[in-house]
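Protein chains in written order, with my numbering: chain A, 1 to 276; chain B, 1001 to 1307.
Calculated directly from the structure, the hints in this document are not laboratory data.
We treat Cβ as the ideally placed atom computed from N, Cα and C, and that holds for glycine.
Please note that the accuracy of each hint is not assured.
[Stated by the list, open to error] Below 20 Å or equal to it, Euclidean Cα-Cα: the simulated SDA-like pairs (lysine to any residue) are:
#1 48(A) - 1080(B)
#2 164(A) - 1158(B)
#3 48(A) - 65(A)
#4 48(A) - 66(A)
#5 48(A) - 1030(B)
#6 164(A) - 189(A)
#7 1275(B) - 189(A)
#8 164(A) - 1151(B)
#9 164(A) - 106(A)
#10 1275(B) - 1076(B)
#11 164(A) - 124(A)
#12 1275(B) - 1295(B)
#13 1275(B) - 97(A)
#14 1275(B) - 1081(B)
#15 1275(B) - 216(A)
#16 48(A) - 238(A)
#17 1275(B) - 1075(B)
#18 48(A) - 72(A)
#19 1275(B) - 1080(B)
#20 1275(B) - 1256(B)
#21 48(A) - 60(A)
#22 1275(B) - 209(A)
#23 164(A) - 128(A)
#24 1275(B) - 1029(B)
[Stated by the list, open to error] Computed footprint of chain B on chain A, listed as stretches where at least three residues anywhere in the stretch have a Cβ under 8 Å from a Cβ of chain B:
#25 42 to 49
#26 52 to 66
#27 70 to 79
#28 185 to 196
[Stated by the list, open to error] Example chain A residues on the side facing chain B (calculated, C-beta under 10 Å, incomplete):
#29 4
#30 15
#31 98
#32 133
#33 137
#34 162
#35 166
Single-letter residue listing:
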Amino acid sequence: MPLPRRRTHRLAADAGLLVVAVAFAVPLVWLVLASLDTEATLRVRLPKSPTLDNFSAVLTDEITFTPMLNSLLICGGATLLTVVCAALAAYPLSRFRSRLTRPYLLTVLFSTCLPVTAVMVPVYGLFVQVDLIDTRYGTALFLAAAQLPFAIWLMKNFMDGVPKVLEEAAWTDGASWPQTLLRVILPLMGPGVAVVAIYTFIMMWGNFFVPFMLLLSPEQLPASVSIFTFFGNYGAIAFGELAAFSILYSTPVVVLYILVSGRLGGGFALGGAVKG
Amino acid sequence: MTGAVARAAVRARRPGARPAGGPRARLLGWSPLVPATVLLLLFLVGPIGYCVLIAFTDTQLTGQESASFVGLANFRQAFGDPAFRNAVVLTLVFTVLSSLVGQNTLGLALAGLMRRASRPVRALTGAMVITAWVLPEIVAGFLLYTFFERRGTLNALLDQLHLPAQNWLFTLPIVAVSFANVWRGTAFSMLIYSAALAGIPQEVTESAEVDGAGGLRRLWHITLPMIRRSIGTNLMLNTLQTLSVFGLIWVMTRGGPGNRSQTLPVFMYDQAFLKSLIGYGTAVALLLLLVGALFSVVYLRLLREEV
């Protein structure tokens, strides 16, 4: 009797998954309900009269616009730098064979695994000495460097997938390597470049520790840190506004993730990319 | 003449042929590596080198001039410091609970169940688990704080079930932050294991089923051995990620109450900045880096077997 047995299997699997789904959903449900409730507490509860007042309360220069703009400047600039450097670096690593290639790639892979958290104390010390502390471009430079190893690795794997025939034709026509890279290879791996850029941006947007350490003045802080300084002093804080701001701050990365996950398929190529 | 011919022949044989000849052009071919390398040297290798230097001095946040070489004193101080040992133990508890046991097992279980579940349930669970993963660390910290807080949702649920409520962040802070990390990080394991399970040929499972192997035996003798490489990769990456968690713990408990959820990154921050002992904090950072480096080397070894 294979059919009924398979059916009970499926019901059991469904039940198990639903339990986990509900457990994972509870904090998310709080987030949504509290954002619509001006008298939100720490508990999940339906708002008496759902309003968007929380959102209009946080949509001010000080709470939302300045930090979000800072986030955009820091993470956008850093992403741009990372993607340009990674695309350039991936080109010789993907195309030329030399004794240098393998050790370089292994070093890159090795540094993707190092805990960046641990480097932050010396980075702070260095930044104080070279006067990069409390500057947005300094923070962006460090974020770019920290994401670069993984970006190089991903980019190289994507570039390996572009056939060489077309480039060779371009060389025959006398094209230089920058022209080949810019006009032939990168357009062919557009989706790959987009994935690297979006992934890098998501990682930076959510990063708390790096700007928390390297930026001091309130008007420079990105959203990841400002949310903490505005709402971090618990006590009589407005939980509804915290929830509303959390939603505003999280939306860009959730949207970007949905964009990439379609491209990467269910398995999220991350796993495959990491495995080489 | 013969040299040139030989060189041309070598170049033709190589898979990586390149635009124009000469050694100078060849060197120029590597120039695209320069920006990335400079950035990495300045902002990653530089700080690590600086870390190694400072860890052997008594540098403090105020008065840089007074810093002097103190040899291994910082490390000796660390190993003799009960607060440091406390942080090591808590880091181990946090890593084992949340990464090895929590994310890894739950991720595998979810991936396994998803292969049997109906499509809408699979999609719903996937969406919830992945949303928890995609949300920024600080938002996750706030959400789990409201969940575990004394007046929070968990206690409300326990009240409903007539079970005793507790002040979780006070009585079991390290367990609470571990659960928070499971909530936040399980999606990664789930995705890795989903891909791995999808790679097992169906015939293998079916023939085992025909031979009468029960579910547990199939798991132990067939599934786990077949995905052992993914298990290795996943454990390594999870552990490295968990070792450097700071924001989540900082938002939920700030390492407290007292130092009962103070893992190594939080301890390092506390010593270096709140207590202004940069030298000592850096020594702790260096130890953390060494542990990370060790894991990375093991990870690279695992990959080499596979490639």
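Subject >> Hints not upheld, ascending by number >> reply: Structure breaks hints 1, 2, 3, 4, 5, 7, 8, 9, 11, 12, 13, 18, 21, 23, 24, 26, 27, 28, 29, 32, 33, 34 and 35.
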